[in-house]
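**Student:** Each chain, written out:
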Amino acid sequence: MDGIKGFLSRHRNIITLIVLLTFSLTALATQSMYVSTATKRVGYSVLSSIQHGFARIGMFFGDAFSSIGELKEIRTEYEVLQEKLVEYRSMERKLIDMRRENEQLRELIGFSEQIEFTHIPARIIAKEPGSLFSGFTINKGLSEGVREDSAVIAYSEGFTCLVGKIMEISSHTAKVLPMTDHSSYVAARMMESRYEGLVNGKGTVSGLAEMEYVKKQAKDEIEFGDLVITSGLRSIYPENIYIGRVIEINAPEWETSLTLEIRPLVDFAKLEYVFVLIEENPAEDVQ
Amino acid sequence: MQKQYSPVYIVLLILAALLQSTVLLPFQIQNTRPDFVLLLLIFFAHQLGSFQGMTMGFAAGLVMDLIGLSPLGFHSFIYTAAGYFFGATRGKVYVDALTLPVLLALLASAIKFILSFILTAVFEPVRLGALFTVSTLIEFGMNALISPFLYAVLRLLKLTREHDSRML
Numbered sequence: 001m002d003g004i005k006g007f008l009s010r011h012r013n014i015i016t017l018i019v020l021l022t023f024s025l026t027a028l029a030t031q032s033m034y035v036s037t038a039t040k041r042v043g044y045s046v047l048s049s050i051q052h053g054f055a056r057i058g059m060f061f062g063d064a065f066s067s068i069g070e071l072k073e074i075r076t077e078y079e080v081l082q083e084k085l086v087e088y089r090s091m092e093r094k095l096i097d098m099r100r101e102n103e104q105l106r107e108l109i110g111f112s113e114q115i116e117f118t119h120i121p122a123r124i125i126a127k128e129p130g131s132l133f134s135g136f137t138i139n140k141g142l143s144e145g146v147r148e149d150s151a152v153i154a155y156s157e158g159f160t161c162l163v164g165k166i167m168e169i170s171s172h173t174a175k176v177l178p179m180t181d182h183s184s185y186v187a188a189r190m191m192e193s194r195y196e197g198l199v200n201g202k203g204t205v206s207g208l209a210e211m212e213y214v215k216k217q218a219k220d221e222i223e224f225g226d227l228v229i230t231s232g233l234r235s236i237y238p239e240n241i242y243i244g245r246v247i248e249i250n251a252p253e254w255e256t257s258l259t260l261e262i263r264p265l266v267d268f269a270k271l272e273y274v275f276v277l278i279e280e281n282p283a284e285d286v287q
Numbered sequence: 288m289q290k291q292y293s294p295v296y297i298v299l300l301i302l303a304a305l306l307q308s309t310v311l312l313p314f315q316i317q318n319t320r321p322d323f324v325l326l327l328l329i330f331f332a333h334q335l336g337s338f339q340g341m342t343m344g345f346a347a348g349l350v351m352d353l354i355g356l357s358p359l360g361f362h363s364f365i366y367t368a369a370g371y372f373f374g375a376t377r378g379k380v381y382v383d384a385l386t387l388p389v390l391l392a393l394l395a396s397a398i399k400f401i402l403s404f405i406l407t408a409v410f411e412p413v414r415l416g417a418l419f420t421v422s423t424l425i426e427f428g429m430n431a432l433i434s435p436f437l438y439a440v441l442r443l444l445k446l447t448r449e450h451d452s453r454m455l
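Residue numbers (the working numbering), protein chains in the order written: chain E, 1 to 287; chain L, 288 to 455.
These aren't lab readings, by the way, just hints derived from the structure by calculation.
A portion of the hints provided could be inaccurate.
[Unchecked claim] Label pairs and their computed distance ranges (CB to CB):
1) E223(E) to R442(L): 56 to 66 Å
2) D383(L) to Q82(E): 58 to 68 Å
3) E196(E) to I401(L): 33 to 43 Å
4) N13(E) to D383(L): 40 to 50 Å
5) V19(E) to R448(L): 26 to 36 Å
6) M59(E) to R448(L): 49 to 59 Å
7) L302(L) to E253(E): 54 to 64 Å
[Unchecked claim] Here are some of the chain E residues that sit facing chain L, going by a computed Cβ distance under 10 Å:
8) T26
9) H52
10) L233
11) S235
[Claimed, not checked] Reference listing, derived: stretches of chain L covered by chain E, where coverage requires no fewer than 3 residues with Cβ under 8 Å from a Cβ of chain E:
12) 340-348
13) 367-377
Bear in mind that the values here come from a model prediction, so they are computed numbers and not experimental data.
Backbone N, C-alpha and C define an ideal beta-carbon position, used for all residues, glycine too.
Working from the sequences, and respecting the hints, build out all of it.
**Tutor:** Structure, rendered in structure tokens:
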């Protein structure tokens, strides 16, 4: 017994190292990032609450500091605004009338009936701690109705743009896999020429994506700056959501299809707010 | 024998991992942030030794895997190995105010890069391209730049101190 104890005691460091590294490797080998193990799910649920708390503290101090800096500007602006207030009051009356008219027009064209999805607004509260992976965390989770694989969109440049999809959820937070991630694939089509393809992320650092498997005959019909949208074909992403613009067209002789380089309409570095789409009447063929 | 307070250091590392993904987000250039967890780990491991270093690294790495989208085991492997390696420098390397913190930060970044490359090549080959970008160089630079200041703060808070060390 002393022999074993002595051996363990003498080689405590190396044995512990081997055990910890083996645990890490086993965990890596027995899961992919798409299959969340129970351990990861439970751990994330606990830690996400703390992470949520830190994010709120960070936002509080961030807002407080920026408020002090803005105080001087607000004072001078206040006097100018007082003068303009009278002018704006009359404008407000006109605006109310215009809004009412606008709402009536919207009702007339049945715009609201065309919306298949309800959306949940969410704020980005945390990003991936390392730089190799590119997920981020939002402040809405299961309790607010967010579900796994829900599509995530944002408004940018006047477009409804694709951001990514929900990967993991806890009660009040969710992790989002951005469409620029290497493991993200989105069924897409060219908005004008209607040619289809598959958009694959090229990593958040580059912030670009590639549209692959586009028929070669499309070469003459595609131009730089053309818009790419989701096709909605057998996909979790609804159709007609804007993805990005074509910035490069690659047509190697030996390839049977084109590869288009896409710059997403969303600037992921500046993204703060997103909308999680909740499908009310999911189609049967949606994966 | 020196009294160890590894639970305090582990808690600090876990806090750093959580802060790195939230409050410290503005400290970024081209979507790249310094790895505060790695920097703290190398100084704490150097202070406490290999055993404490690897357990702290394992705990911090596990937290990073849980709060991020990286597969479980990815960061825990890297930080365990880094904690063990830098723990082995205890009492063997004298860390001055400027040069050694920078060198240790660069060495730690290199170890992280090599291990990330190996793990990515084996388990996530699709991400290999993300390693060979300007972002990696920016992270190296940021880590090197911040390490002397971080080390000074840790010394000020008496979380690290040099003892029984020899000049290398």
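**Student:** Determine for every hint whether it applies to the structure shown.
**Tutor:** Comparing the hints with the structure gives:
The given range of 56 to 66 Å is respected by E223(E) and R442(L), whose C-beta atoms sit roughly 60 Å from each other. Taken as a hint, the range 58 to 68 Å holds for the pair D383(L) and Q82(E), whose Cβ atoms sit roughly 60 Å apart. Between E196(E) and I401(L) the CB atoms are about 41 Å apart, so this pair conforms to the stated range of 33 to 43 Å. Range check, N13(E) to D383(L): Cβ separation about 27 Å, and the 40 to 50 Å hint is violated.
At roughly 30 Å, the beta-carbon separation of V19(E) and R448(L) lies within the given 26 to 36 Å, and the hint holds. At about 36 Å, the CB distance of M59(E) to R448(L) disagrees with the hint of 49 to 59 Å. The hint said 54 to 64 Å for the Cβ distance between L302(L) and E253(E), and at roughly 55 Å that hint holds. The restraint placing T26(E) at the interface with chain L holds, with a minimum CB-CB distance near 7 Å, inside the 10 Å limit.
At about 9 Å, the closest approach between the beta carbon of H52(E) and any beta carbon in chain L falls short of 10 Å, and the interface hint on this residue holds. Taking 10 Å as the C-beta contact cut-off toward chain L, the hint placing L233(E) at the interface is violated, the least distance being around 23 Å. Here the hint on S235(E) is broken, as its CB sits about 19 Å from the closest CB of chain L, past 10 Å. Against chain E, the stretch 340-348 of chain L contributes 4 residues with a C-beta closer than 8 Å to a partner C-beta. That satisfies the three-residue criterion, and the hint holds.
Restraint check on the stretch 367-377 of chain L versus chain E: 3 residues with Cβ-Cβ distances below 8 Å, three needed, restraint holds.
The structure does not agree with the numbered hints 4, 6, 10, 11 stated previously, though it agrees with the rest.
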